[in-house]
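The listed protein sequences correspond, in order, to chains A and B. Count the first sequence with the working numbering and you get residues 794 to 975, in order. Count the second sequence with the working numbering and you get residues 6 to 129, in order.
Mixed in with the good hints there might be a few duds.
Stated by the list, open to error - Okay, the calculated beta carbon distance ranges per label pair:
#1 B/95 x A/874: 27 to 37 Å
#2 A/859 x B/77: 34 to 44 Å
#3 B/13 x A/874: 38 to 48 Å
#4 B/77 x A/928: 15 to 25 Å
#5 B/112 x A/874: 45 to 55 Å
#6 B/112 x A/935: 30 to 40 Å
What the hints assert, rightly or not - Output of the computed footprint for chain B on chain A, the stretches with three or more beta carbons under 8 Å from beta carbons of chain B:
#7 907-920
#8 933-941
#9 945-955
Because the hints were derived from the structure by calculation, they are not lab data. Predicted model only: the values in this text are computed from it and were never measured. Glycine included, C-beta positions come from ideal geometry on N, C-alpha and C.
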Amino acid sequence: MTGDPHAGTDTRDRAIAALAAIAIGIQILEAAIPSPVPGIKPGLANIVTLITLLVLGWRAAVAVTLIRVVGSSLLLGTLLSPAFWLSLAGALASLVLLAALRPFAPRHVGPVGLAIAAAMAHITGQFLLAWAIIIPHPNLPLVLPPLLLAALITGGLTGILTAHVLADPRIQRHAHNPTPND
Amino acid sequence: MNHRLLRWGDTLIGALAAGVVVAAFVFAYSPSGEARVLVISQAGATPQHEPLDRARVVEIHGPAGITHIEIEPGRARCADSPGRQNICEASGWLQAHGEVAVSLPNRLTLQVLGTEPGFDSLHY
Numbered sequence: 794m795t796g797d798p799h800a801g802t803d804t805r806d807r808a809i810a811a812l813a814a815i816a817i818g819i820q821i822l823e824a825a826i827p828s829p830v831p832g833i834k835p836g837l838a839n840i841v842t843l844i845t846l847l848v849l850g851w852r853a854a855v856a857v858t859l860i861r862v863v864g865s866s867l868l869l870g871t872l873l874s875p876a877f878w879l880s881l882a883g884a885l886a887s888l889v890l891l892a893a894l895r896p897f898a899p900r901h902v903g904p905v906g907l908a909i910a911a912a913m914a915h916i917t918g919q920f921l922l923a924w925a926i927i928i929p930h931p932n933l934p935l936v937l938p939p940l941l942l943a944a945l946i947t948g949g950l951t952g953i954l955t956a957h958v959l960a961d962p963r964i965q966r967h968a969h970n971p972t973p974n975d
Numbered sequence: 006m007n008h009r010l011l012r013w014g015d016t017l018i019g020a021l022a023a024g025v026v027v028a029a030f031v032f033a034y035s036p037s038g039e040a041r042v043l044v045i046s047q048a049g050a051t052p053q054h055e056p057l058d059r060a061r062v063v064e065i066h067g068p069a070g071i072t073h074i075e076i077e078p079g080r081a082r083c084a085d086s087p088g089r090q091n092i093c094e095a096s097g098w099l100q101a102h103g104e105v106a107v108s109l110p111n112r113l114t115l116q117v118l119g120t121e122p123g124f125d126s127l128h129y
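Take these sequences, add in the hints, and give me the full structure.
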């Protein structure tokens, strides 16, 4: 059990750092995979955010996500470029929605619902930033529906993957509130 | 390990998200494509614009005969044309922005236009 108070910040900080490192690694690997359609990618790094949220809580999830966005942009050379701002906007939008859903997780909403909601919020946040500032073209909304559809599909897939990772006993060991086995 | 993959909240979020996707498709794609005007272009003549506001039949005289163009609110079609392969008729109802029917024997093209500019392709 890591629930004892002495474990405190050190263990927690190390866990956040390790999770952020995994998330950065996933994001870099994903950036190297050519996507069939520009703007659509699986968003596998979101698995780490969800695991962090469900195991360590929302604040840790915010930390891991922000470290991932900044860290991966440093490694990819996109820091402060439009790609970075889009990534940040998507991450913040999904964190806001995850915060709103926090009271329902994990009792009523599991990883799949959280992942779908986060993916939809992610693409919506990115889209709003792109539309408002980066490419303010009146017809840009025409690309939103396919992107939302892709978010629904990839969100569902990452949610299922998250559920499988969460079910792993090595993760369950760290959870304050293990997923109810009902 | 035998916990359920989906809880009711997951199903609800999935359904809401699917609804958002469907609404986005309907909202983004349906209103812009409506045809408002039919442009009749014949070789050697000034293009003729016919608004798609009420049902009527327009006859266009060409080198091969008469092309009957049927117009209804929001759509138009080549109802009868002298071409032997019925290519003009086979184009069916033209109702989305940019749709075209052609009658080569009568050296005629019919195109419906909407209020919004259409896209031939999309690059980014």
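Structure-based check of all given hints:
1. A hinted range of 27 to 37 Å for the beta carbons of residue 95 of chain B and residue 874 of chain A is inconsistent with their spacing of about 50 Å.
2. For the pair residue 859 of chain A and residue 77 of chain B, the supplied restraint of 34 to 44 Å is violated, since their beta-carbon distance comes to about 57 Å.
3. For residue 13 of chain B and residue 874 of chain A, the hinted distance range of 38 to 48 Å is satisfied, since their beta carbons lie about 42 Å from each other.
4. A C-beta distance of roughly 38 Å is found between residue 77 of chain B and residue 928 of chain A, which places it outside the suggested range of 15 to 25 Å.
5. The hinted range of 45 to 55 Å is satisfied by residue 112 of chain B and residue 874 of chain A, whose Cβ atoms lie roughly 53 Å apart.
6. Between residue 112 of chain B and residue 935 of chain A the CB atoms are about 35 Å apart, so this pair conforms to the stated range of 30 to 40 Å.
7. Check on the segment 907-920 of chain A: 4 of its residues sit with their Cβ under 8 Å from a Cβ of chain B, so the three-residue criterion for coverage holds.
8. Interface restraint, the segment 933-941 of chain A with chain B: holds (6 residues with C-beta to C-beta distance below 8 Å; minimum three).
9. Coverage of a stretch by a chain is defined here by at least three residues with a beta carbon nearer than 8 Å to that chain's beta carbons; for the segment 945-955 of chain A and chain B the count is 5, and the condition holds.
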